[in-house]
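A.B. asks: These protein sequence lines map, in sequence, to chains Z and A. Sequential numbering of the first sequence, starting at 1, is according to our numbering. Sequential numbering of the second sequence, starting at 1001, is according to our numbering.
Hints may be right or wrong, so weigh each one.
Stated by the list, open to error - The calculated lysine-lysine pairs, modelled on DSS-like cross-linking and capped at a C-alpha distance of 30 Å, are:
(1) Lys1345/A / Lys1412/A
(2) Lys1371/A / Lys145/Z
(3) Lys1257/A / Lys1283/A
(4) Lys1368/A / Lys145/Z
(5) Lys1099/A / Lys1412/A
(6) Lys1301/A / Lys1240/A
Stated by the list, open to error - If you anchor each label on the Cβ, the simulated ranges turn out as follows:
(7) Ser129/Z / Arg1091/A: 38 to 46 Å
(8) Asp1386/A / Lys145/Z: 42 to 50 Å
(9) Asp1013/A / Ala153/Z: 20 to 28 Å
Since the hints were made in silico from the structure, they are not lab data. Glycine is no exception: its CB is placed at the ideal position from the N, C-alpha and C atoms.
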Amino acid sequence: MNAEVEGFAQFVEARQNALQRTAWLLTGDWALAEDLVQTALARSWPRWERIRRRDDPEIYVRRVMVNTWAHWSRRRWRGEQPSGRVPDGQAPGDMAAEVAVRMAVRSALGSLAARQRAVFVLRVFDDLSEAQVAQVLGCAVGTVKSTMARAVARLREDPRLAELLDREAR
Amino acid sequence: MNGMDRQMRELLDAAVGEPPHQVSVEAVRRRVIRRRVMEYVATGAAVAVTAAAVLAGIGALGRGPGRSAAASTAVPTVYVCNVKGTVIPIRIATNTAGKPIRVGFLAVTAIAITPDEKTAYVVEGSGSSGTVPPIATVIPIATATNTAGKPIKVGRFFAGPIAITPDGKTAYVVESSGSSGAVIPIATATNTVGKPIKVGRLAGPIAITPDGKTAYVASWSLGTVIPIATATNTAGKPIKVGAGLEFGGIAFTPDGKTAYVVESSGGSGAVIPIDTGTNTAGKPIKVGASAGGIAITPDGKTAYVGNQGPGTVIPIDTVTNTAGKPIRVGTSAGPSEIAITPDGKMAYVGNLNGTVTPVTIATNTAGKPIKVGGFLGVGPIAITPDGKTVYVASRNLGTVIPIATATNTAGKPIKVGSSSVVGDTDTLPCMAITP
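If we strip away everything but chain A, and leave its shape as in the complex, we get:
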């Protein structure tokens, strides 16, 4: 800073003074709700339910049954969640967005599709203590008709993420209302909730072993990962993995023998391997601060972890549990999401600077970044089962961009939300693809 700037700075300092009032979180929260309700009232006319009914807590948001309508086979679809309470189906064959399916109007937080691809379960996770009765629900969407079923109440306040057992019989939803967190099992046959499984407050990501026997859920407040036996829906002894400030993700090796948990508390990120046979944590593998998403190759040999700080992806050898040479994929706006193609040849890394970097797994080298746009960075990434297309959400542009894996080029963006002023744009928090 030069002399002129410094003088200016002093002048500005002298001119500003102290703010006369403090801003309360409650006031901000009221604004959020007011905005959402106004938007809902403005756009909700097409939905066969009035805003007043929603405000009264009568959750009959959808119009058709959730499961019984699933007679015909669903077309291959990407379901993209818009945080403002809709799910947009994108037909993979044509890359066209269908009519948004309204599931609520506060915040969609998570989505999972049953292995038989008949139902997509969407978590409408954010209630509020303001004017709207706080309620968190899971809405089943029949993929054959793309209609929302009756909402299933899972909590008072916040819910998400969600995971479904490989046999498709149970969906587990993490609920973290109030002072205690729980995992709520939903029987998908009847769409009814079972007894909540207590896991400690501020529960984080959840993942189910490939054999479907155990669900692992991270608890932020305790710094533990809790195994839940899916046969009995009971929580086992918590496994201590760190200080417990933040968890990036949980991934399993294909044989299900090891779970890798990303933990990034207090500026030092690590990946902790958990032996699923004994439920004991191994030595933490240091990967640097701001560790984020994790993905494991189909052959189970390598786990890739994104580190947002320096903008690298770190390969972890799953045999020796050691971190390899970091692969540089971006600048300071580093990787936030990772997905690996089914053939295990490429990893696609979404960066916060709005690009996607293809990484060749055989050589651990990064290719040319593919620009998808957006200041808020790249949202969820999903790869089609045939591995031909990578779908990437651009957070603040309200679009989903298909990337052809054969050429690594971005196709025409598919509009799924608005993108007026930056602060006003839709976020696309989650995405799922029919298996």
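This is chain Z alone, in the form it adopts within the complex:
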């Protein structure tokens, strides 16, 4: 195996869970998330030699992923129905609570515009700095800040999410 391929394999092994989690938050579906990660990796691989010389190759892969997802989400056939069958209120038992959290988060994220969702997920979940998010999305840091503020404002309006946050705060 070539060094390039070896390095790529190591990267995939080390980072695929993190990438898949981000992809799930973007797509809300594990099958789509897996597809998204694979597509992003397939697009990154041919230029891995270059990418790996960067300070942080993951930023590049994430950028490809976010862009690919943005491209997908503009297509009709990927039309997402975020708030389909969200359970009403809180059901008893841990399992159900877990599902409720999952559904609530998914539906709340689904209410965001694509860019807001990307900024929010990268900033809060992946813990990227504002500058890094700007780099991933190819926009100014100011844009990241304002988009983030709008995303958070929107999420605050989501009643189910507010309830969950309230409960956690207590």
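Following the hints, complete the assembly by docking chain A onto the known chain Z.
C.D. replies: Then chain A, alone, in the frame of chain Z:
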């Protein structure tokens, strides 16, 4: 992170859970190949060969002979490689791109032009173990007609870089298929390959001394640089230069007495001078992590090394072999490529943030960055022999930008590839200019 964010983070964590499946590299590789084949089938209609023939490994990709057609003198041209398997000639006089020359469809990795400028040798370096028969080839392009000749098979899997001796008689291609790496000599008169010269697996950059007597090739896996005597095509004793994780480049002083090898293993970059007379390595010159490209002034007094981490270029005094004060050229997205004008007055440094910084060599000061665009940063840089134009590839925009050295202004971008979605764009891995 404020309280609200932290709560949100915890919620997201709780919502996500574990991915049900793992992604395999093999699956990714299959996708890469499928994409390329689909693209090839979609665009390959104009080429007088079917995709099926290529898949079957019949390498008759080109249409005309490689060398015999080189009757008329070639016009001054920049050859830009598109990773997707084409080479685009750009006429220097008009800055217009000619018809792409198809050399394959997987990955072009390197290009070199013979000193008589009759032939450009292009390495189509990446096969795969998937559906396509793995094969790495070198394709000669006749510069007079810009047609590809018969591919020369050099390996099973990966190949590149390539270097040509000053007399133009031999091209050396680094091949790193499977468990062992080798350098393959190609006799340019007949376009036939000689016996592979074993150099250890994961061989890196290659460079030939100005007198043409020795080719130096770096071996990543061993952390050595191996001298190859071009007269006999035999490998000499390996010269230990570092831990052997990554090599940025090899450059020679014009007198050929010293080779400078950039080595950046394990976070500590250094430039190692090698005495080409005795083939011994000198004391490493520390230049910081992420050291990249290297270029030496025509008078041989200074070597410039890019350091991507802090975004600086470090001048090295070749007499004392000491590093001078770093020249700041960019932000964190630092320099990746360096080229020096033939008159030795200016160095042009390509940055990963999509700019080119001119550095005045007399004073070691950086000028205003010239914006060429592109998130993936600046690709290869080539300067015309008259020093009037610097050609810079923008990686993800699929363009080559001419910069007039008189004014340091960027001209109209020349389109050589596509630039739709970022992840979808062509990369322009290599570029060569007719001497």
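A.B. asks: Does each hint hold? Answer for all of them.
C.D. replies: Checked hints:
1. Lys1345/A / Lys1412/A: holds, 24 Å
2. Lys1371/A / Lys145/Z: holds, 25 Å
3. Lys1257/A / Lys1283/A: Holds, at roughly 16 Å.
4. Lys1368/A / Lys145/Z: Status holds; Cα separation ~29 Å.
5. Lys1099/A / Lys1412/A: holds, 19 Å
6. Lys1301/A / Lys1240/A: holds, 25 Å
7. Ser129/Z / Arg1091/A: 38 to 46 Å: Roughly 45 Å apart at Cβ, these two residues keep to the hinted range, so it holds.
8. Asp1386/A / Lys145/Z: 42 to 50 Å: holds, 48 Å
9. Asp1013/A / Ala153/Z: 20 to 28 Å: 22 Å Cβ-Cβ, so the 20 to 28 Å window holds.
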